[in-house]
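Peer 1: Top line first, the protein sequences correspond to chains A and B. Residues in the first sequence are numbered from -11 upward in steps of one, following this note's numbering. Residues in the second sequence are numbered from -11 upward in steps of one, following this note's numbering.
There could be a bad hint or two in this list.
To be verified - Okay, derived cross-link-like pairs now, DSS-like style, lysine-lysine, Cα gap no bigger than 30 Å in a straight line:
| hint | chain 1 | residue 1 | chain 2 | residue 2 |
| --- | --- | --- | --- | --- |
| 1 | B | LYS300 | B | LYS173 |
| 2 | B | LYS79 | A | LYS98 |
| 3 | B | LYS39 | B | LYS252 |
| 4 | A | LYS92 | B | LYS214 |
| 5 | A | LYS91 | A | LYS344 |
| 6 | A | LYS214 | B | LYS300 |
| 7 | B | LYS214 | B | LYS259 |
| 8 | B | LYS124 | A | LYS214 |
| 9 | B | LYS99 | A | LYS95 |
| 10 | A | LYS92 | B | LYS173 |
| 11 | B | LYS259 | A | LYS91 |
| 12 | A | LYS259 | A | LYS344 |
| 13 | B | LYS214 | B | LYS252 |
What the hints contain is simulated information worked out from the structure, not anything from laboratory work.
Number of protein chains: 2
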Amino acid sequence: MRAYNFSAGPAVLPEPVLRQAAAEMLDWHGSGMSVMEMSHRGKEFMGIHAKAEADLRTLLAIPPSHKLLFLQGGAIAENAIIPMNLLGARKGADYVNTGEWSKKSIKEAKKYCTVNVAASAEDANFTYVPPQSRWKLDAGAAFVHCCTNETIGGVEYHWTPDTGDVPLVADMSSHILSRVVDVSKYGVIYGGAQKNIGPAGLTIVIVREDLLDRALPICPSAFHWKEQVEADSMLNTPPTYAIYIAGLVFEWLLAQGGVPAIEKRNVAKAKLLYDALDASAFYVSPVRKEDRSRMNVPFKLRDESLDGAFLKGAEERGMVQLKGHRAVGGMRASIYNAMPVEGVQALVDYLKDFEKQRG
Amino acid sequence: MRAYNFSAGPAVLPEPVLRQAAAEMLDWHGSGMSVMEMSHRGKEFMGIHAKAEADLRTLLAIPPSHKLLFLQGGAIAENAIIPMNLLGARKGADYVNTGEWSKKSIKEAKKYCTVNVAASAEDANFTYVPPQSRWKLDAGAAFVHCCTNETIGGVEYHWTPDTGDVPLVADMSSHILSRVVDVSKYGVIYGGAQKNIGPAGLTIVIVREDLLDRALPICPSAFHWKEQVEADSMLNTPPTYAIYIAGLVFEWLLAQGGVPAIEKRNVAKAKLLYDALDASAFYVSPVRKEDRSRMNVPFKLRDESLDGAFLKGAEERGMVQLKGHRAVGGMRASIYNAMPVEGVQALVDYLKDFEKQRG
């Protein structure tokens, strides 16, 4: 039986995708091979790769000004790769600090440049997104970096920053494809695939073409965006099976009506869960209402001594991976695109039942 | 129907591994999740990860002095990561140039240090391994790098270099697990998984513990061996599904009798193919006999105008991906661990039949 899986990543995938992957495992479309076994330069995989790229371009409405790369290493690797690709002759970059993932980006960037923390929500334990009116940007910065959805803290930008001529760089790992985004407003969008796209080990990078000439000489070829653009993401062997699964997820998303349709569903799912949390004094949702993430919903039991019983009861009902990140404790329900509304409803029912029993 | 897949990588996997992966795709061991959907920090995946590590340590008889990492990026990324981790205060490293993969390593290392090419087989178009008596090593080098099996040229070290106190670093991507190796003789062994281990996107690094203190400050955390050792390869989200498949391959290998047993089979498979090539004037095997790779067998038709007909006829018999690498042309049969002897026999039969028809 399939569980309702609230993991923050790697995370739930659409069941039809998994069924198709299982059916095609030994022989993809009569090729006699699993996708895992295909040369990345053979006609079969080249077709899978091109289709996945085209479908993602369609889903995100990526304009021709922006290149799309399928790489490796996840957001943590990319945190180093970004300054290595974007600094050029500049010595500093602006970072907005909204939580654990921002902090990781800042720590890594300091290896390569001066980091100006343009704004920080640390004063309120990272429970909000600092409004742009409070950002102190440096006009000479190589770029402005923000994490537009903090997977651990559960805060999300519901607006697009305006950084003028300085390129805006966004880690969208945990909400990419969950909402309509105007890609043209960003210099770089990046993210690990293992939250809203597919298996861990695939990294998406979307980069405006005019930014491809700024790489430092120390940038490894495998992570050198311009070299990878010229090699069609195949300078090194790409994570072929992860790209195939991501491609199936893209097809599934298109069949759901694309990003505008899934966004509507995500708004409804998030409202269902936050309303239940807000309706009770037994649970606490720490994030400021305007900045709550639709994807990652951290919450606490007011009486933390009940955490163990809560998690055990959830597992008995087939709801798994609800334990919060060790950095913040409590609970976290990640409700990505592939989480059906039935899963959120089951959690809401359980929230009420548990409170009745133990409240 | 399954093809005989001679791809150089990504490459053929054991059929029982693919069958098990298909069967477990929607629900791994009653967890209600695909392995792809599991948090890398959950008890289910932690168990899969630990078992894969332990089995690989057993298969390669990795001594306690050496740490094992499951990372991302493949050998091309690692070519940059190695000098970033090993240079310390030294300014140069020795490289032995045996072909296309050595050249890629050298090109990348030059971003970080002075490269001394200690020996090169370029004088004979990379058809042999320069004997160590001809290596001109620098006693002050940070390390000595060699590629112990050149996937494209098809040359293989059948002996272990002795570099004294200077750490020996080997790219074993395309023959790791195909033969018994004394790991204790190496400072670092690395390789992409997509040839003899599992899906693309997983990189194996085996590093002697005393070498972990030499990283440059510019080394990205995701590729910083010491930080990854301390984080048990989980500083960033590992490529979880690729690790799971690799783990199934390790279990399959152990069931075959481990590396000594598979090596015997590989010796027999290679002999079968090389004997057939040597018995005919219609085909040419360019590599010096003592240095021929057991894994990658490049060969040419003396009349290259027949290449297209040869490949077409092979596909009609269910033998795919025999086309040689674009850098050298001709044909290449990669006969990794998972290629059954029946596949090699089918190729040998075809070599004879094609010669009869067209010779």
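Peer 1: Is LYS99(B) close enough to LYS95(A), meaning Cα to Cα at most 30 Å?
Peer 2: Measuring from Cα to Cα gives roughly 23 Å; hence the hint holds.
Peer 1: Holds or violated: LYS259(B) with LYS91(A), Cα cutoff 30 Å?
Peer 2: violated (56 Å)
Peer 1: Does the alpha-carbon distance linking LYS214(A) and LYS300(B) stay inside the 30 Å limit?
Peer 2: Cα-Cα ~36 Å, so violated.
Peer 1: LYS214(B) and LYS252(B) were given as a pair; does the straight-line alpha-carbon distance stay at or below 30 Å?
Peer 2: Measuring from Cα to Cα gives roughly 36 Å; hence the hint is violated.
Peer 1: Would the hint linking LYS259(A) and LYS344(A) be met if the CA-CA limit is 30 Å?
Peer 2: Satisfied, since the Cα-Cα distance of roughly 22 Å is no more than 30 Å.
Peer 1: Can you confirm whether the C-alpha distance between LYS300(B) and LYS173(B) stays at or below 30 Å?
Peer 2: violated (44 Å)
Peer 1: Is the Cα-Cα distance between LYS214(B) and LYS259(B) 30 Å or less?
Peer 2: violated (42 Å)
Peer 1: Given the hint that LYS92(A) pairs with LYS173(B), test it: the Cα-Cα distance must not exceed 30 Å.
Peer 2: violated (37 Å)
Peer 1: Run the distance test for LYS79(B) versus LYS98(A): straight-line Cα separation, threshold 30 Å.
Peer 2: This hinted pair holds, its Cα atoms lying about 24 Å apart.
Peer 1: With a cut-off of 30 Å on the C-alpha distance, tell me whether LYS92(A) and LYS214(B) pass.
Peer 2: Satisfied, since the Cα-Cα distance of roughly 17 Å is no more than 30 Å.
Peer 1: Would you mind confirming whether the straight-line C-alpha gap from LYS124(B) to LYS214(A) stays at or under 30 Å?
Peer 2: Outside the cut-off at roughly 36 Å; violated.
Peer 1: Below or equal to 30 Å on CA atoms is what counts here, so check LYS91(A) against LYS344(A).
Peer 2: Violated: LYS91(A) and LYS344(A) sit about 39 Å apart, past 30 Å.
Hint compliance for this structure: hints 1, 5, 6, 7, 8, 10, 11 and 13 are broken, all remaining hints hold.
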